[in-house]
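Taken in sequence, the protein lines are chains S and E. Under UniProt numbering, the residue at position 196 of the first sequence is numbered 196, and the numbers go up by one with no gaps. Under UniProt numbering, the residue at position 364 of the second sequence is numbered 364, and the numbers go up by one with no gaps.
Bear in mind the hints are in silico, worked out from the structure with no lab data behind them. Do not take every clue at face value.
[Unchecked claim] Taking lysine-lysine pairs in the DSS-like style, the calculated list, with each CA pair at most 27 Å apart, reads:
1. E:K64 to S:K179
2. S:K266 to E:K36
3. E:K10 to S:K179
4. S:K217 to E:K97
5. E:K64 to S:K191
6. S:K217 to E:K59
7. S:K217 to E:K42
8. S:K218 to E:K97
9. S:K217 to E:K274
10. S:K216 to E:K43
11. S:K218 to E:K274
12. S:K216 to E:K255
13. E:K24 to S:K217
14. S:K216 to E:K42
15. S:K266 to E:K97
16. S:K218 to E:K10
17. S:K267 to E:K10
18. S:K233 to E:K42
19. E:K36 to S:K216
20. E:K59 to S:K218
21. S:K233 to S:K266
22. S:K227 to E:K43
23. E:K33 to S:K216
24. E:K43 to S:K218
Now for the letters of each chain:
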Amino acid sequence: MKSQNEYKLKSPPDDAISAVKFGPNNNQFLLASSWDGFVRLYDVSANNLRHKYAHDSAVLDCCFTDAVHSYSGGLDATLKSFDFNATKETTIGAHNNAIKCVEYCTDLNAIITGSWDHHVKVWDPRGPICSMNCNQGERVYTMSVCGEKLVVGTASRRILVWDVRNMSYTVQKRESNLKYQTRALRCFPNKQGFVLSSIEGRVAVEYMDTNPEIQKKKYAFKCHRIKENGLEKVYPVNAISFHPIYNTFATGGSDGFVNIWDGFNKKRLCQFHQYHTSITSLCFNHNGSVLAVACSYFLEEETAPDPLPEDAIYIRPVTDSETKPKYVAST
Amino acid sequence: MGRKKKKLSKPWCWYCNREFEDEKILIQHQKAKHFKCHICHKKLYTGPGLSIHCMQVHKETIDKVPNSLPNRSNVDIEIYGMEGIPGADLREHERQKQGSRPSNDSGSDDDEPTTKKAKPEGLLGNAPGMMQGMPNMVAGMMPPPGMPPGMAMGPMMQMGPMGPHFMHPPGMQQMMNAHMQQMMQGQAGPPKPLFPSAIPTSSTGGPGTPVVGTDFKPISSAATISAPPTTNLSLGSNGEGSKVSTIATSSATSKIIHPSEDTSLEEIRARNPKYSRNIPSKPDDGGASSSAAASELAMAVSAAQQAAAQQKQVEAMNHHAAMMQRFPVRVTGPPMTMTMGGPIMAPMRPPMMSGPPTLIGGPLMRPPPISMPPGVIGMPPGMMYGAPMFPTGPVLMQPRFR
């Protein structure tokens, strides 16, 4: 299923790509953070690199707040923002350890950062100040914002649900349904639940509502596994991105495959061709017509291939047949 | 004596906590009660067996083992008689048996027919031990509905009748000590949660629904999947990597393509010395590092943009860098990094505040009442919002709401 229209971005990052993010309401710009210490702004339509700015060390995540402002954090534990119009960089604040996640909460105009220092901080971009600092009890590995809710996945397979308006208590605490380390977590755009993936080729669909009837619907499934000579290789599922309209989602694994799933109907909608190395990040654009696929080798294996696979970002237009549920959910 | 010994090792059903005289009877019970297909009444042998049967024969998904306790309803755990029961549950059961022994012994005498009594009260997760009037029995007790099971009785007992928000100096010290101990214990060992879950008073689910109930495997509950290979020995506040848990990455038929260390790929990658460059280890060298960053930035910009705008850009950057250098400490400075402290320090502060209740439910982005320069941000928010930040705080309040 190689799409004819898929193309590779020119001037890719020089080291592993940690995240790719489309802007909130245009197809043109893509933000990419990388382990080479830079955050890059690509013009996807023209296929060129527009800007880049540096952190002191590897950048682990980035996000847009609007078309021209980005926020990013990484191993230097510093949250930076960048204004692409003014090409002006601002240091917003810091964590005590690397910032693993940077998310923007549109509803509340807040930047949320999650760090290996076990804390989540909420930042008011107007100050800019840190308006909240919450202990998560463990290193934050992944998180996702959904309306006013924040779902945090940490080490030791914990899942915490917060209400960003009032972080004085945890709304829900769960243990991951997956046996292995949580790798990625994203909320359904319709806010009903979230999807999380583990390093052991498995994805779980969970519901927010604690009503047992609703909770019955949750499930998990295997994916991103390759059987070779009777040995099944099980790959981490590194990336999840939701289609903003259909509530379907794409997963990307270290097997180099991207799958698109219909979580409500438990169906796989399609599988893309195998990319040359691990998928580290995925992002649909705001209307779900394009999927950005970041590929970087990520040291999963004991012996790394030589030479190391190149780091690349692919832009892939997707069609309704690939992303739309095949039939309307009966429930 | 001998009798007691024997009792301890009575086979019991993991799904409903019922005890049996003989494992054979237990297996019969499980087949009839827990592994019977509700559609064709075929008796299967295990939970997974039942679920596969229903899936394949009737195209129905079973997500709970029938007639099981809420936290024991996992269909993926393979249990046959006493085989396959997670070790933690076995120990817990043992403990509970020992803990509740006096009440059982003093009360009705325990002979064979009373096995019926061992049946749990209902499926709502009511704790059998609780019903028998032993409120002090803590060990291994299942939680009463509505209270997260992970939450040990400990903190509340220690807190005594005094509400956490009415603490005054005399008692405070002890409280804090007790509290801190609690925190530390929580962080040291897996059986206790790091921070007991707090449940919003507005929680969904009808009244009487255990919030951490049916399908929620409560954190730290032993009812989780049998022996997850990722042992979550949490690392205390002070050390990532002091105890590294591992993952069994390969089995006979499969291999997980991941390092065997149970740490995220990013953390492992970050150990590579090439990523440690320029990370400010101490807040003091904020100035130096930002200048380094600036020069790097300038380089980056020049590399990226070979166009005419280049000159202007670099100038702008340099200017910005100069700005940053001028007050480096305020930007990345110590107030935040120092005062925020480790997770142990942080919880200590909030109990001193008497203000939190007024803040709860307040608007998110309320600016600090006293305007202050953006540079000194770390400290005041910590103080202002100290209490709400404290995850365990509201838990302590919980009893008051109920």
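For each hint, the structure was consulted:
Simply put, K64 of chain E and K179 of chain S have alpha-carbon atoms about 18 Å apart, close enough for the 27 Å limit, and the pair holds. As the CA atoms of K266 of chain S and K36 of chain E are separated by approximately 26 Å, the hinted pair is consistent with the 27 Å bound. Between the alpha carbons of K10 of chain E and K179 of chain S the distance comes to roughly 30 Å, so the proposed pair goes past 27 Å and is violated. Restraint check for K217 of chain S and K97 of chain E: the C-alpha separation of about 35 Å exceeds 27 Å, so the hint is violated.
At roughly 25 Å between alpha-carbon atoms, K64 of chain E and K191 of chain S fall within 27 Å of each other, so this suggested pair holds. Between K217 of chain S and K59 of chain E the CA atoms are separated by roughly 15 Å; this keeps the pair inside 27 Å, and the hint holds. A threshold of 27 Å between alpha carbons decides the hint, and for K217 of chain S with K42 of chain E the separation of about 24 Å falls inside it, so the pair holds. Our distance criterion of 27 Å between C-alpha atoms is broken by K218 of chain S and K97 of chain E, whose separation comes to about 34 Å.
Taken as a hint, the K217 of chain S and K274 of chain E pair is broken in the structure, with Cα atoms around 46 Å apart against an allowance of 27 Å. The suggested pairing of K216 of chain S with K43 of chain E holds, with an alpha-carbon distance near 23 Å, which does not exceed 27 Å. A threshold of 27 Å between alpha carbons decides the hint, and for K218 of chain S with K274 of chain E the separation of about 42 Å lies outside it, so the pair is violated. Taking the CA atoms of K216 of chain S and K255 of chain E, the gap is near 30 Å; set against the 27 Å cutoff, the hint is violated.
Restraint check for K24 of chain E and K217 of chain S: the C-alpha separation of about 34 Å exceeds 27 Å, so the hint is violated. Restraint check for K216 of chain S and K42 of chain E: the C-alpha separation of about 23 Å stays at or below 27 Å, so the hint holds. Under the criterion of a C-alpha separation no larger than 27 Å, the hint pairing K266 of chain S with K97 of chain E is inconsistent with the structure, at around 43 Å. About 35 Å separates the Cα atoms of K218 of chain S and K10 of chain E, which puts this hinted pair outside 27 Å; it is violated.
For the given pair, K267 of chain S sits about 45 Å from K10 of chain E by alpha-carbon distance, which is inconsistent with the 27 Å threshold. As the CA atoms of K233 of chain S and K42 of chain E are separated by approximately 36 Å, the hinted pair breaks the 27 Å bound. Pair hint K36 of chain E plus K216 of chain S holds up; C-alpha atoms about 19 Å apart against a cutoff of 27 Å. Only pairs whose Cα atoms come within 27 Å are accepted, and K59 of chain E paired with K218 of chain S is accepted, the gap being roughly 17 Å.
Using a Cα cut-off of 27 Å, the hinted pair K233 of chain S and K266 of chain S holds, with the two alpha carbons roughly 23 Å apart. Note on K227 of chain S and K43 of chain E: the hinted pairing is violated, with a Cα-Cα distance of about 34 Å set against a maximum of 27 Å. For a cut-off of 27 Å, the pair hint linking K33 of chain E to K216 of chain S stands: about 20 Å separates their Cα positions. With a CA separation close to 25 Å, the supplied pair K43 of chain E and K218 of chain S stays within the 27 Å bound.
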